[in-house]
Every structure is written in C-alpha cells, then in structure tokens.
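Engineer: Assemble the whole structure, with the sequences as input and the hints as a guide.
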Amino acid sequence: MNPRIHPDFDSAFSRRAFLQRNSLGLGGVALACLLGDEKLLANPPTKPVDPHVLDLKPRQPHFQPRAKAMISLFMQGGPSHVDLLDPKPELTRLNDTNYDQQVEFSGVNRASRKLFASPWKFAPHGASGTEVSELLPHTAGIVDDICVIRSMKAQINNHDLRYFFGGIPGIPGRPSLGAWMLYGLGCESQELPAYVVLSDPASLPVDEAMNWTAGFMPPMFQGTLLRPQEPRIVNLDPPARLKGLPQQQNMALLAELNRRHLDGHPGEADLEARIASYELAARMQTAAKEALDVGQETEATQKLYGMDNPTTRDFGTRCLIARRLVERGVRFVQLFLERQVWDHHLNIRANLPAVCLRSDQPSAALVTDLKARGLLDTTVVHWGGEIGRLPVMEAEANPLHAGRDHNGQGFSMWLAGGRFRGGMTFGSTDEVGHHAVENIVTPNDFQATLLHQFGLDHQKLVYNHNGRDQSLTDNRPARVVGEIIHSAGV
Amino acid sequence: MTPHASLRVGHRLGCHWRKKGVRNRFAIPFVNWRLPPFPAPAPQPQSRLPIAWYTSLFPRLRPFVFSASSATRHRRVPAAVQSFCLAATALALLAIGSIAAADAPSPAAPANQPALTFEKDIRPIFKAFCFDCHGAEAEHKGGLDLRLRRLIAAGGETGPAIVPGDAAKSLLLEKLRAGEMPPSEKKVPAEQIAKIEAWIAAGAPTLHDEPAEIGPEVDITPEERSYWAFQPPAMPAISQFASTDRVRTPIDAVLVGHLREKGLAFSPDADRPTLIRRASFDLIGLPPTPEEIAQFVADPAPDAYEKLIDRLLASPHYGERWGRHWLDVAGYADSRGATADAPRPHVYKYRDYVIRSLNADKPWNEFLVEQLAGDELVPQPHKNLSPDQIDKLVATGFLRMAVDATGTVPDLEQASNQVLADTIKIVSSGLLGLTVGCAQCHDHRYDPISQRDYYSIRAVFEPALNPAHWRYENQRFVSLNTEEEQARTAAIEADAVKITEERTARQTELLAVELEKELALLPEALRDPLRLAWQTAADKRSPEQTKQLMESPRIGGLSGGTLYLYNPKAAADLKEFGDRAAALRATKPAENMISVLTEVPGETPATHLFYRGDLKQPRDEIAPADLTIATPPGVRFLIPAHDPMLPTTGRRLAWARHLVDGRHPLVGRVLVNRIWLHHFGRPLVDTPGDFGVLGARPNLPELLDLLAVELVNDGWSLKRLHRQIMTSTVYRQSSHGDPAKEAIDSANNLYWRMPLQRLDAEVLRDRMLATAGILDRTMFGPPVPVEDDATGQVVVKSDLPRRSIYLQVQRNKPVTFLTAFDAPVMETNCDRRLSSTVATQSLMMMNSEVVLKRSAALADRLAQQTPVDFPAPGALNIPSGTAQWQFGAGRFDWSSDRVADFRPLPTWNGSAWNGTGQTADPALAYVSLTRSGSLPCDSQHAALRRWTAPADGTLSIDGRLNHPAAAGDGIEARIVSSRHGVAGQWLVHKSAVATTPGPLEVKQGDTIDFVVDCRESTDADAAEWIAELRLAATDGNQLGHWNSAADFAGPQMPSLASQVAYAWQLAFGRPITAEEFSAVGPFLAQRIDDLGHNFHADPARGAMADLSQQLLSANEFLYVD
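These protein sequences, in sequence, are chains A and B.
To convert, note that position 441 of the first sequence is 441 in the numbering used here; the numbers rise steadily by one, no gaps.
To convert, note that position 797 of the second sequence is 797 in the numbering used here; the numbers rise steadily by one, no gaps.
No lab work stands behind these hints, which were simulated from the structure alone.
Please note: incorrect hints may appear among the correct ones.
What the hints assert, rightly or not - Partial chain A-side listing against chain B, Cβ under 10 Å, derived:
#1 Ala202
#2 Leu204
#3 Met251
#4 His465
As the structure is a prediction and not an experimental result, all values here were calculated from the model.
The beta-carbon is built from N, C-alpha and C at its ideal position, and this holds for glycine as well.
Structural biologist: Written as structure tokens, this is what we have:
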C-alpha cells in the first residue's frame, strides 16, 4: 500500500499538502515539477523519495510549452544524407578521386578512399528553395514546413539508437526520451497508452525494447509496443469466448465484489483507484480499438498516405495511426521501419530508392495531414536516423553494387511542426559531407531542444535514482538550438 | 520524542518475548489498572520524569520498579540511554534547522524566529553551491575559503567576502545576486541569498567558536554530527500503560503514547481469519489453506496467535519470502546486464544461500559479514571445502551482483570502475542507508561525506575488484569437484588450449593470404612498405607507416577480428577449431561451480582519490576506513592496509565486523527500517536507502531506535524481531478506517490502524498458483527459464508453476506479469518498490493468457477437490440440475417404438459412467457416458442419457451431435419420448448434425431418452452429443432449463453451491457471505445459460472459470488487510 496514491490527485497534492509532506521529508523535485512552481524548483532539492507520480495524468511543465505531442519517424540504419537531404556539388566534382582525410571505417574489407558522388539529382523546392534529392519527391512537396538540420553529429560511428534517445554509450539502463517526456508531462489521454511504438511487420528495430525503455524509471513510463498487425495491443482484446456480453457480465461481477470489499474499507484510496482502473481498462478497449481503426478515414486520406499502394501501405497505415493517436491525446509515438533498413553498405543504387519508395510518401503525408487538421503547430514530427553515410565508396571493386559506410560525424534529419521553423535548413557539413562543421547539433542538443519545445528544461527535469538527480542529458554539454525555433507566438 | 516517563509496562499477553533471559525485563505481573478518562492529559516532553510525578498524574498506577535484569541491561548501554535524550534534543534543533534549509521562509515568519547562524543556516548553502571551488580542494579559487566564518570575513584575492553587519558592502552577496557566482548553471535561489543577507546583516553570527585550523580529513561541523542518523541508537524510555491501551510489547508502549497525545487509540484486533491471512502473506508469501484457517480460528489456546507466528517462522517458505526482500537490496539477477546481458549460470546458489540463511535465522551480523567477506573466513586455496565454507564463499555473491560490462567493451578500466562504483552503491544504500555515489566526484553536497571518505570505502573493496588483476566472469568460479575430477578437467583443458593454438596459427596463415591478395590489387611500389607496416605492431609503427595504412584502409583494417569480412570461408574454417575445442571441453566432468568474490593474494592495489571522479586524474593515495561520520569525533575507524594473519588484505572483513559491532549508528537502523517496511508496507524512514539529509526523517524515531537496539541485544535474530513486531497490538489491529480517527491522522502516521497492503508481484503470482492448487513448492536450484511469447510478452517457459523467486531474473527480459505489478527491473538494486495502479494491470487480469489459465485451473480444482458436503449458505437458484438425469444402457425396441431394458450404469470413475466391466454381463461392460460423450456397446446395448420431466409442459430440445471418427460405419442416434415414441433420429458418420426435433408435449414423469446406438459395425462408435432442454408451461412460462453436459454428474460430485463456497474459502480465506452468494447465483445462471447455448462442452466448469477469474482479480485478492 502506498499512502500517496490518491485518485483525487489535485487535492491530495495541493500546494499546502505538498508543503506539509515536504516537512516530513516526502515531497520533492518531481512534485515541484508538477506544481510548475519555479520558485520551488529553485530550492535545494529535497530528494524525491521515490517517484510519487504513480499515474500518467497531465502535469504542468516548467514553462509554456510549444508542442504537445511528438511523432518520431526513426530511420534506423543511417539514411545517406549526401544522397537525400544534403547536396554536395564539390563531392560531384571530386567524384572518383581519392579522399585525403582521415576516415573511420566499419566495413574495413570493402573500405575505399574513392569519393562517390550522389547518383541522384538535387533540386530546390517550395518557396524556401530547400534542395532535396529526386528520391524524395513527396518530401520535396513539404519543404516549406520542415527544418532540415544538416549538421547532426553523433560522434560515434555505429548504430547506437539508445544514445540518440537518451542513453549514454556503454551505460545501460537509461530511460528514453519518450519516458522522460511522460515523466515530465504525463498524458492527456487516459484511455490510450501514453507512449506508443509502432514497429514494422518484418521485424523489430535493432536493440528492440531498449529503444523505448523506461530504464530506471517505473515501467509505466516505457513505450507500449503495438503489434504490427491486429491485435495491435496485447491483452486489449478478450479471447473470443469472452468477447461482448460475457466480459460485461464478468466485469459486473468483479465490480460487485470490489464494491462490497470497499464497503468494508471506506475511503481507501488504493482500492478506489483500482476499481477505477478496471473501468479505465474497459474504456481503453473501446477507445484504443477506435483509435487504431484507420477504416474510419476517408478514401482520400487513405490515399494521401499511400494506403492504396502495396509499397507504401504498411508504413502509410502506421503514419496514419500515429496521427489518430496524437489527435486523441497520445504524447509520443515512435515509428520504425524494419531493422536497419537504411544501412546501405552495398547496392545503394538499388536499395536506397527502394526504401525511399516505402517511406517518402507516408512521411510527407503525415506532415500535410497534420497541417490540414491544424495539429502541426502542436505536434513535432521528426524524420531521421542515428548516423549518416560516408562520401566515399564502400566496395569500389564493383562500383555498380557499391554502397556507403557509416558516418557518425555528419548527417541530416528533419523536424516539422511543434513551432520548429519550416522552410529552413540549419548547419552544414564540410564540402564532401563527411563532418558536420557549422552549427553542429549533437544528440544531446537534439534532446534538450525537444524537451524545450515541450516546456521542459533538460537540466531541471530530474529523476532521483541511486541517490542522484539524473537528467536526460546527464550533465553532458547540451544546448537548446534556438535558431530553429519560432520565437514569435510563444 | 517520548513524552512519557520511563516506566515499564506489564501486560496480559506480553510474556511471549520472555523466552530468553534477557528479555524478562518486561516480565511483571499484569494488573488491571484503570486510567483516567480518555484522553489523558499529555505529559509535557521532559527527558525523564520522576516516578512520583507520573504516579501523581495517575494515582491508581502502581509504580513499577526496574527488575534486576532490566537494570543490568541498562548498564549495558548506559551511554546510549543518556544520549537518547541528547539525540532527541538534537533532533528538535535539526527539525528546525534542516527544514529551514529546505523550505523558503514564509513571508509572514514570526518575528521571534531563531537567529540565523553560520553552522545551521549558511554553511549548508555554501556547501551545496560553493565548496567545490571554495573549500573542498586543497586550492581555493581566488584564495577564498568559505568553510569558516572568519575565513569568509578574511576573504580572498579580491578582499573580504563579507562585511559582518553590512550586507550592502559584502562582495559575496553582490556576486551571488549578479548570478556571477556560482559560475555553473545551478544558481543559489533568491530566498537563500536573502537568508545570507539577513545573516550578514545580523553580524554573521556563529554558534560556536571556530577551530583554529581545518584538517584535510575532518570537515564535519557539530551541527552535521548532531544529525539524528549519526547518533548511536539508544533505548528509548518506555512508558507504562494499562490494559485498556492493549499494550502488548514495548513497540505498543511507544506508539500508544503518541496515539494518546493526539486523542487516538489502537483499532480493535483484526479477526482471526484476517490475522492468519495477514501473517501468512507477510511471513511466507503464501495463502493459508482452509484447514490451517479453520484450525487457527478454532484454537482455544490463549497463545494461539503466538503459536501461529512460530509455525510460520519455522516454515521453509519463510526464507523464500524474506529472501526476496533481501535480493531486492542486493540487486540479484541471473544475468550480467549491459548490452550482452549474458547469463550468470551459477549465481542462483547465492539466492539459495540467502533463503537457507534466513530459514536458519542466521544472526544478521554473521550474515552480513559472510556476504562482505566470507572468502576471508575460508583458508586459501579454496579446496576440500566443508559445507559451511562453501556457504561463506557463495555469500560473497552479494558483491558480484553489479552490472558488469567488463570483457564485452574495450575499456576495462572504465568498465571495472563502473562495477566498483555500483558495488559501493549497493553496499552503501543497502547496508548504510546512505548515498555516497556523489562523493565519487566531490564532497557530498548535503551529507558530511567527503570525497576522501568515498575513496576510503573504495579502498575496502578495490583489492577484490582490482582493475589490474581483474577477474572476468569466467574467472570467478571455484569448483566443488573432487581432485580427480579436477585433474581430468585440467588435462582436457590443456588439449583444448592446444587446439586454440592451432587456430591461432591457422588464422595467421589466413591473414597472410588475405594480405597478399589485397596487396596484389595495389601498385607494386606500395606493396613492400605496406606489408612491413601491417606486420609492425601498432605501437611500433612510424608515422609514415601509420599514414600508409590510413591511405590503404583495406590493408589497415585487416586483422584477426575483421578477417571474416575479407574471407567468409576463413571464418568457417576457424570456427571448426573452436567447435572442436568446445566439443572437447564438453567432455569435462560436470562442474559444480560456485561464483565467488575474492582477492588475488599479494596483489594490493593503491586506491587513489580521482580528481572530479575522473579515473585519468588520480591524486592522493587513500587508506581504507569507515566513513568519518559513522564514528564519534576523533575515533575514526581505520582499517589496516593488510591483515598479517590473512593471505588477503582483510579489509572487507575488518570493515564488516566493524559494521556489526552493535555501535554503528546506521547498520541496525537501516535493517529494522526495512523490516518494518515489509511488515507494514511503509517504512519508519521513508527513504530506506537514504538516511542522509536529503532523505526523510523518521516520524517515530524512538521506535526505530527501540527496534535497532533490541535487534542487537537479541543477537541479531530476525525471527525474534518479526515475533516482537507481529505479536504487538499495532500489527494485530484491524485495517479498517474510522472517520473520527481519519480526521486527526488521515495518513495513519501513528499507526492507529494496520495499513492495507497490495501484494508484491511475486506474492500475487504465487497466490494465484497456490489458490489454483498447482503451485510447485520445490525449493532451490537453477532458475526457471523465461521466454518471449508470440505477442512479445516475457513469460515463464512452459508456464512452470514454481514460486516466483526461482524464476530467471534476466535483466533485459523481465517477466511481464511481475514487472506489471512493480517487481524491480534490476538496473542496479532496489531500495523500495512502488505500488502502481494502471490500466494495463487491469487488462492483464481481464484478458491475459496467464490469468485465464489460472482461472481455469482453479475451476478444475473446485470441481475435483471441493468437499462434497462443503457448506454453502443456500442453494443456488440455477434452473438446471442433475436430479432430472439418469445414465444407463438399454435398447431401442422397434416394435413398440420405445426404449426397453433401461439399466443404470453401475460404476463411476471420476469422469465417466461405465458398465461393470464384468464378463458376466459383457454387453453392459462396454457402455460408457461422459459429460458430452456417449459410447454404445452393440445394437442391443445402446448408450442412454435419460431425462425425466419434473412437470407438465412443452419441451424444446436443441442439440448438436458429432461423430468424429472416420473408422467404422457411424452411429444411429434417437430422441425417444416415453409418451410419443421417436421424436427424431439421425445417422452420422464422420459428421455433425443439429438435433432439434419440434416441441414435445410432456407430462410429469415422462422420460426423454437420448439414445446412441451402433450400426452394423461396433468400431469407433464414440459420439459427442450435447443437448439443451427448455420446458415451458402451457401459459408460456419457463419452467426450467437443462443442459446435458452441464448437468452431467457422478454420484459424489460437489454441488455448484459447495464449489462456490469453497472458491471463496480458497481465494479469500473466509466463508462466503449470504449476500455474496446471492449475487453469484444469477451470474452463474447467466453464464451457464450462455455457454450452454454455445454448446460448451462443460458449461458449469466454464462458468466457474469465469467466476474464478473475477475472484483472482478482485481487490480482496490483490490486497491484504
């Protein structure tokens, strides 16, 4: 039994109640966050005993948030920025010559220093004139709504998504970005999982659940992985035998048993909360089903997402589900394609267009659709991977089947909505696209910036674990990249 | 602070703690004293009041004189008794000081607020924000040292930092206000700056004269020393109370004082069924059986409850329940953690050691010493070990629980440093209740733990976790095999090593081939220099060679580790060597291994303080010692660098023995706090892993001290402590609320009732298994494996019903059901579990495979094991029943169009009615009827299921008949009315039909037979036939409703009513109430009706499974009173 659970959260944690509890050494920074009281935050931390926040009810952030929800289209494997979002004329000019700078290789047996111009053409689009590759015709159509960051720098040269999502290389057990968001903000919907992960039917991403783990936080903050096909939510549906009336009868009996039990324990908050949680679960069964039912969408919308085309159907469906979830108050949705599908060490000429065909239209449709529904202002859409690819060729022995090796030193991604500035590019890589050189953005900068859009200060959002106030960026250098944020209208 | 006089109490049932001589201090005859009308005037706090004072308040109270033994006992801890009052006073001071530091002063603060002083109010602010640069290090930035008031006034390079009495002229204040200081992002909050200002304005007063100089070691102020957790626990004065207060133990005496002060009193004792449930879940984590409950409820002995506690404490399941609590603290897992999360196959022996030690009530001091230094108690080399020595070695598994990435990441130094840091974390939060981790980088900002202190503790463990002689996972084992077996093992290993050497040689050849291939692709001129560069060791290469390799990355990248990329066949080739070596190694005698932590004799690393925690910046060498604050001023516990009597350094042994010497301020308190937590669901100090300044304060400090002192005096026996707690009134109270008391103490801080507790995840799972009657109580052994199911949930492999403590703890793959109910995911260790209430738990209870399986198992158990005469509060109003049915053999007579020669089947085997099996009556011998199945014998001996009409009316029959077998020639089936003859007939062979004749008129006593007959062949004649019968009166009113499968019964089947009543007994450990019973009736009726409609093979069982599921999901099942 935990005396601090109370269904009537607001009254139980009124300011006065907080101060009273605090004097007994309860209370703490987590609660102070809830109260949104910066003055309390500025006090020396009275350490949170343990997370008092045992529900996911919405909480006040540190300051006025710009965004309410986020959809991350995670392109695991490392999309080739020099072929997609970062045009490099100098690379084209130097094509086939040897690169004379230090390069770190992963596929050493196929390593080469031969510079490899993009086989695809770039052209400016939209009012902003942002250049994107011919492989992304739909993205080209939304350039005025997206901010392309061309100076991402992961420093490490391998697929470490965890690092990207809030981990520290070599240290296990850190909560992911989504877990931090839930911890700081709760969720507007109590009838849907607050943090949803949509994976590909072909396979889970590499590192699987580590990508949406709650780490040292309670499991309620972790991502809920939806199955790639129905039933998408585990345990949501009763087995066939119990569907409909039988389960209603069961729940009625359970409610009756619990009511009689509660009569013997009047006012016992834990018991009331659990009774309510059964009611919530029953509502969830309807609400989640409804949210996942893309059949309710018009044909035009389904077509926009490419659901009429076998190539784009699956990713399109998931992008559309993501929009429906966000519309219903879900805080964070993470989408993955299969494994490291963008990891084009070889055969990039054939394989990169193939994965673009699967993902380009749905990704752009999501932005278009959110915008049309007036949701883009409050929803961040993120598109990108954990690394980029080298400007030199991998497997030069057979140039037609060549590819590109990992490049953690410079790559691109884009952000849309949530008061990020559309129609801009930010930062740049060197002349051939190997290193980010201008306005470098690290994963920690990325994390701090995202939290900022949600009204959270990455240094103040702390969770006490093992006697230490832990934060997402863990005291590593991190800056809010103000240049890509709309300053007006805040 | 106890407001009561130091009288000791007598009590009626209080003799149970008197078994040992030392405890008869409370043994005084009970006198039925009466106290003045409640509430009594609360005596004012005063450390010790004369007895005369007390008796004057309570004139009819007979003064109690200390018994000899209690006096003796007091002589044993006289200083402690004295200092309790000091501690209490200190606490009062601190309560003001520390809260003032944590909370902003209210603007309307009373004018008579105590004056600010440097020690109490200002120094903690500087410590938190400034000491890193202006105090902690040998060098002070800008020459400014903020540790003493006079040093602050003296100032640094830019002059005096403060001008006492003149805040406006104080540079320090200016810098703080401007945000210039501290330079980091974390600024001093405005109200604290205001406090500093007020202090300067008041002349910057100090509490004490300041020391002439500050040593490097000790920088602890008297104020920090006086913090409650650093005082040795002291036996509180225990007041005397009368029987009306139901004081049974000293614990009650302490609590009742507080309760009365607030106008509260204990709640009444819980009833006996509640008590046995509470005690069983608490001590053994399993529900009591109905028999155990009945026996306890009926036990007339005055000490029935005490006997119950003793029985539970003696149960082998006690160790499983309380071992789990300790494994949380230790951070037990069967895998290593980090990315690979490889299994640790032998560590389960540590888990078993914990269970066995607790069952044996191994004194906790011994238990701790073994876990910290068991290896130092066993002579080296570790050979021919006795069971006791094996235990001591296994115990060191405690220090091997940390996540360990060594061997899987390139940087051993960093990875091993992390292991050491995590181990210190586990030890310090688990044993000392302190978070020392932050002192790895700098002095603790809030607690008096210096960075040097941290490294002193590190020096205790570094010889065993020595990066220079790191023992990788596979080097931590001690074999328990015989010498002969070990010799054989060694011989095989030597051969295997030879194969490995061959592999290396082969790899070298293969590398050379690839090198030449790659070189051949390059211009002639480059080849020789590149070959030479490649062959040169990396650290011997000239810059020119390094550059050459950089420019030819394929040559530069070629190595043993990347060979597979160049030549996939080579990998297969080399793997063959590995396979051979593995096959050979597999022939080793089975190894009985234990995982051990020990030191490499003669290798003692120097422990250095790492500047800012950076292991690349070692500074002063630090000697092993306990924390400075844990001993009184001037008597620091220093540990010799090397114990000359031991091959190892003996540091851990010395420290461990010191921790349990009975005087340590933290160890005992931390332990009893956890024990209280597990009994009551909430601790006395709300932060079990942090008793420091940032942790919680005890709301009942003298209770904490009482328990801590008693623990030591009772020889560190946990079982005695359990007994003392559980036989107290506070534990025996009802958990029910009381509005009047809620109004006074809604949070139940003073324990005026027993808190309601949700079961821990493991107990919930075990309770489900036990209730369903399928719990496998096998103890000990290798972990039960877990796996992913089709939906990605982690489940127990083969759903083995072992107790949860034996399930594999794979850090990256925690069992879904357990983590859903807040079982810890072992990232490091777990101080205290949460109790969450989320909808996913509810969905799991409603729909998950695992809960549905348990429900079905419980329904099976009810059908099979409910005592036939188990009393129910009434009959269930379910309009069906077995009374209308008979099961027999006979024949269909063509001439009369009726059934003839009906004979009931004589034998029941538990699931079927059968013929005699006697040759004298061979035909009858082979007829058989089961719930839904019918097996005729031959054309003269059909299987008959006979229904007799209980009233006149119209009968409608709806049925489904299936003959599944392809063999034989099928069967003939008929419905035959005794009044009208054949109502319908069907021939079925490997097919199914609906058997729905039109409405039949029946009179009371008419029979309807469901006849299954053979055709020509008597092969494969088994048929499934389920029929629904509805009888309506002529006016259309329903008279009844039957289902041939639901109503099927043997001679001694328990009625559904008995099953329902028994279900309550099994699930909730109490009889069903009449109201509940009457609610269940309609539910079952609905469900049976529904299932019958769907031709469920066993509607009653299905309905009981649904009922069972609701019982297993009910709050009464999830929570314990």
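Engineer: Flag every earlier hint the structure violates by its number, smallest first.
Structural biologist: Hint 1 contradicted; others consistent.
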